[in-house]
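Based on the provided sequences and hints, a complete structural model is requested.
2 protein chains.
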Amino acid sequence: MDSYRVLFEPLHKTICVGSKTTLLEAAAKAGIILDKVCGGGRGCGRCKVVVRDGKVRSETAKRLAPEEIERGFVLACRAYPESDLLIEIPEETHSADKLELDKDARRFRAIHPGITQKQFAKSPLVRKIFLTLDRPTLDDNPGDYERLQRALKKTTGISSVHADLKLLCRLPQVLRENDFAVTVTVGTLGDTAEILDIEGGNRSGRNCMAIVDVGTSTIVVHLVDAVEMTTLDAHACYNSQSIYGREVTARIIASEKRGGAHLQELVVGDINRLISALARKNRIRLKDILAVVAAGNTTMAHFLLGLPAGNIRRNPYIAASIEPPPVRATEVGIRIHPAGLLFVVPGISSWVGGDLTAGILATDLHESNETVMLIDVGTNGEIILGNKEWLVACSASTGPALEGASVECGMIAERGAIEKVYLEDDRIHYKVIGHTAPRGICGSGIIDLIAALLDKGIIDRSGRLVEGSDPAVRFEKGCGRFVIVEKEKTQTGKDVFVTQNDIENVITAKAAVFAAAKILVERLNLRFSDIDKLFLAGGFGSYIDRHNAIKIGLLPDLPVSRIHYVGNTSLWGAKLAAFSSEAYRTLHEIRLKTTYYDLIGTSDYVEQFKQAMFLPHTDIELFPSLLDRETSAA
Amino acid sequence: MDSYRVLFEPLHKTICVGSKTTLLEAAAKAGIILDKVCGGGRGCGRCKVVVRDGKVRSETAKRLAPEEIERGFVLACRAYPESDLLIEIPEETHSADKLELDKDARRFRAIHPGITQKQFAKSPLVRKIFLTLDRPTLDDNPGDYERLQRALKKTTGISSVHADLKLLCRLPQVLRENDFAVTVTVGTLGDTAEILDIEGGNRSGRNCMAIVDVGTSTIVVHLVDAVEMTTLDAHACYNSQSIYGREVTARIIASEKRGGAHLQELVVGDINRLISALARKNRIRLKDILAVVAAGNTTMAHFLLGLPAGNIRRNPYIAASIEPPPVRATEVGIRIHPAGLLFVVPGISSWVGGDLTAGILATDLHESNETVMLIDVGTNGEIILGNKEWLVACSASTGPALEGASVECGMIAERGAIEKVYLEDDRIHYKVIGHTAPRGICGSGIIDLIAALLDKGIIDRSGRLVEGSDPAVRFEKGCGRFVIVEKEKTQTGKDVFVTQNDIENVITAKAAVFAAAKILVERLNLRFSDIDKLFLAGGFGSYIDRHNAIKIGLLPDLPVSRIHYVGNTSLWGAKLAAFSSEAYRTLHEIRLKTTYYDLIGTSDYVEQFKQAMFLPHTDIELFPSLLDRETSAA
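Top to bottom, those sequences are chains A and B.
Residue numbers in the first sequence follow this note's numbering, run continuously in steps of one, and reach 751 at the last position.
Residue numbers in the second sequence follow this note's numbering, run continuously in steps of one, and reach 751 at the last position.
Don't read these hints as lab results, they were simulated from the structure.
It is possible that part of the hints are untrue.
A pair counts as met if it fits within one copy or between any two copies, since identical chains are not told apart.
[Unchecked claim] Capping the alpha-carbon separation at 27 Å, the derived lysine-lysine pairs in DSS-like fashion look like this:
no., residue 1, residue 2
1, K548, K573
2, K710, K270
3, K374, K283
4, K271, K710
5, K283, K404
6, K146, K283
7, K404, K239
Now the structure itself:
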């Protein structure tokens with residue numbers, strides 16, 4: 118097969134690829150993430166690049182304007198090299214990883230109020246311990262390994278200490294060359310410890326870990342100091358697997374076609390890049406990072422570990438493992454300390470992953486006296502309901518509309534995204550991330566917008582745009598759209614708008630979440646009013662307007678004082694586990710304690726879902742506060 | 118460096134070696150064990166080979182007769198190739214591995230009477246279990262791994278079940294291709310189990326293990342059926358490491374010079390050959406052998422695992438590990454099931470190894486109401502003393518005289534060895550293994566001979582040959598010897614004899630054992646008469662005449678009814694552990710319970726040793742039964 122050299126500018130990265138590789142895939146291989154909402158190959162029109170030199174084979178792309186085609190623009194997802202290439206990535210196409218995402222990552226550092234956080238005893242999953250062993254004598258003559266075990270038991274109190282043969286082979290020399298003063302790197306799990314490494318002298322000073330939130334769309338890494346139990350820094354990037362689709366199911370299909378190893382390579386590459394950047398910036402050597410603790414949905418956990426994920430998408434939806442064992446980080450290709458460990462937070466089921474288990478731990482939901490609902494909406498929606506007595510979980514297939522994808526002008530919550538929409542003086546106003554001209558609209562903006570459109574009667578309760586209700590409502594070939602910002606005021610020179618189809622996608626997503634929540638509550642013979650606290654987790658939860666979320670029927674009609682943004686509880690829970698093997702053990706107990714309801718197996722789900730396809734709901738009685746307002750308004 | 122092809126006939130084995138490799142080493146590399154008592158390179162004159170074709174560089178060897186030199190004989194330990202070679206190995210030189218040794222191996226199958234053997238619950242360290250898992254449904258939807266764990270816990274009762282990532286990756290496919298009916302290979306250790314392998318369908322029928330006694334001179338392998346708990350067959354061979362010396366210390370020095378990996382290669386090669394031969398003969402596939410359980414002295418355990426042994430020979434004599442963890446057999450190069458485990462029985466100290474721990478387990482010494490002494494004399498002597506309340510151990514450096522080595526006409530107890538010597542009609546008679554003309558004398562024969570010589574006044578109580586006491590006593594250049602068999606009646610055409618020096622070597626060895634036993638008894642404020650039972654273990658113990666052993670002062674003066682041959686308790690104990698993880702666990706407890714006395718650190722050892730350098734002892738009062746006889750004879 119022919120192989121061509123593709124140079125991407127201005128990043129000055131080169132990669133060699135065959136003639137059957139799209140430029141989008143080539144960019145991903147070179148570690149460059151291009152903006153694409155559709156997930157690649159579906160023609161969202163975001164992955165525009167300019168061919169500066171060389172020849173490409175490109176499929177017709179109706180998303181490109183004639184003047185763009187003239188200037189050499191192609192869609193990277195549909196262009197294949199036919200010679201060596203020089204490709205320019207326009208500023209608008211290159212994902213602004215290092216900008217808003219990192220701010221976002223930092224924002225997740227502290228847990229939000231409304232949560233009583235349990236204190237766990239400090240005992241990092243992996244740590245370095247400096248030991249001064251008694252020197253052997255004729256009267257004190259156990260083997261070197263047994264002497265080391267004795268010292269470690271004395272220091273840690275752990276009775277069962279193991280090591281592998283390779284370490285044992287090095288042990289006699291390391292001990293004697295360092296006068297029996299050594300630093301051991303020890304992984305702890307329950308009441309057993311494994312000696313991962315041994316070094317001469319006192320090397321116990323630095324003891325870092327990387328905490329990873331493996332999201333379907335975004336990967337966040339926190340670099341933490343396990344001695345001080347502090348967060349040193351945070352970085353985030355898009356999940357490179359996005360070239361194979363925004364949704365989990367699309368990724369699984371890709372993994373079945375291209376092999377799971379390929380998907381693993383992409384996510385591990387992302388994690389390695391983030392860890393390296395954090396290490397460099399904070400002057401930490403990779404070998405001082407002793408462990409990675411990762412939480413994500415079950416499919417992401419599979420990809421990270423290289424487990425076959427195919428059965429997750431097929432009835433009865435079975436994971437290869439929902440509580441995989443800790444492994445050496447090198448086994449999956451993560452570059453930290455050569456003997457460092459990778460812990461993947463256990464999930465609850467194929468569709469309720471470790472991010473939720475971590476969320477329960479972080480919010481102390483499993484020990485709560487009050488009844489709490491935790492909603493995490495990312496590219497999928499997961500709901501936990503429970504208290505210290507019982508825990509139930511379910512998953513709703515929302516699609517990525519609530520994250521700003523599957524919406525034509527949708528985008529992730531980064532620079533240039535309309536993140537808030539509100540009515541003032543009966544006119545629609547908006548707020549853009551980064552205070553620039555808008556490029557598109559993100560999830561929180563869309564929720565606000567739909568609420569505003571409903572308030573102003575621009576859409577009806579079924580979400581249909583009402584012709585003539587506003588000058589911004591336009592119809593073209595029978596398709597309606599609402600223009601939020603005219604092209605003169607945008608970054609792209611094109612209107613930012615929502616289509617009738619976009620609105621329907623959002624309604625479908627919110628209906629899925631609401632129906633799932635309702636079934637969960639009813640299954641336990643409760644009413645929504647029995648929920649003492651509603652926690653909104655994940656990136657989604659941090660931004661949305663609670664009133665508007667109720668208004669469109671995404672959230673149940675609770676007093677907003679009961680609704681709390683809890684931030685990235687996935688990351689927070691993983692961090693708690695990293696710092697305390699007691700907390701890690703608790704994740705296992707949470708998994709065992711939580712009952713998973715598969716909505717596919719629930720006869721009334723389709724019916725409930727249909728009823729929720731209105732704004733806020735077919736049964737308006739479920740939203741008494743809105744009813745009151747409507748009544749009072751009338 | 119030049120490389121030459123050496124073809125060994127009649128075995129028809131070829132090996133390529135450089136010009137600095139002796140023919141002895143070349144033979145070992147080709148898997149051929151030549152007879153050599155000295156351990157190689159010391160000129161015992163046993164490793165004679167004939168150069169049929171090609172040129173060798175050979176050092177003058179005074180051990181060769183002129184006619185032998187004329188016929189092309191060289192000593193393999195002193196000959197180096199200078200061209201491609203055709204070497205003939207004379208029948209007398211090639212060790213008769215498959216003859217007496219295998220009989221010997223079989224002889225060790227049953228434990229000897231005098232021992233109350235504890236029954237352990239059957240739970241092999243590694244086993245195959247056939248499982249029919251419930252098929253997953255929407256309501257019963259744990260991950261595949263968690264489903265497998267659940268089924269295994271139900272079957273085995275073990276709560277903690279692990280597997281590695283590679284197995285997890287294969288799991289979903291294996292389960293579904295076999296309709297959830299699978300056979301798992303499981304290693305058990307205490308209350309945790311590790312899934313080593315998974316296969317489709319029911320493959321649980323065959324479940325074999327190899328039990329290995331890694332002796333310094335001999336390696337014995339028993340092939341056992343772990344389902345039926347029976348011994349299928351046994352094979353033995355010489356330890357190929359013998360080319361580097363008969364004694365443990367010489368081997369350690371060799372490992373320091375040539376690298377431990379080389380010594381490991383030799384012993385692993387021996388074990389692999391024995392296992393392969395047993396498997397072939399019994400129509401068992403190597404992959405049906407799931408575990409190797411090996412017991413040996415601490416140095417042999419180090420070589421087997423590739424652990425550095427250097428500190429074992431240096432004050433304060435510290436092992437790298439005396440209780441090494443189980444490892445995958447492939448990690449050391451043993452060819453059984455690819456995921457099979459190697460368990461090395463824990464030792465007690467650097468100089469009291471796993472063979473003794475296994476011996477204690479096999480004889481139930483640690484639970485005995487009576488006070489028992491266990492003596493195991495191989496190339497080294499180890500002594501255990503104890504009962505259910507306490508256990509002490511020590512080691513005596515005997516040298517290999519009591520095994521027939523470091524004795525000029527000495528040989529291992531195989532075909533052609535004088536194994537018994539007795540007085541009848543006041544004349545010396547002997548018995549040869551295999552009922553052929555003698556080639557030499559083995560350990561049991563030497564003990565008998567010295568007792569007989571003492572009885573007849575041919576040697577005095579200090580072991581000196583008395584000139585003129587017998588026609589067979591001859592002096593040459595001031596060196597005395599006693600001719601046992603004249604050259605006309607031997608296989609070799611040369612006299613079989615013992616020299617004054619040989620006798621001194623035996624007395625040194627027996628003095629070392631006796632002094633160690635005496636110190637151990639005195640340290641506990643006991644007398645020899647407090648010993649209720651004396652167990653003689655190892656190959657040594659199976660053959661010697663108890664009366665004669667007392668007469669020369671090797672064993673303490675106990676009624677012979679208290680002295681029991683217990684056979685190869687090392688192998689027996691290892692076998693018990695292989696069949697029962699409870700028994701394996703007991704080995705650990707025995708190790709912790711047993712106190713090791715290092716005689717080097719004992720101020721009175723040298724004095725005690727000197728006193729024991731008489732026949733039977735300087736203090737004849739210690740041997741009242743002999744005193745009685747002497748008195749009654751007077």
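Hints, one by one, checked against the model:
1. K548 with K573: So K548 and K573 pass the 27 Å test inside one copy only (19 Å; across, 116 Å).
2. K710 with K270: between (32 Å within a copy, 18 Å between copies)
3. K374 with K283: This pair counts as between: shortest inter-copy Cα distance 20 Å, intra-copy 38 Å.
4. K271 with K710: between (34 Å within a copy, 19 Å between copies)
5. K283 with K404: Both. Shortest intra-copy (18 Å) and inter-copy (25 Å) distances satisfy the 27 Å Cα cut-off.
6. K146 with K283: between (35 Å within a copy, 26 Å between copies)
7. K404 with K239: within (22 Å within a copy, 45 Å between copies)
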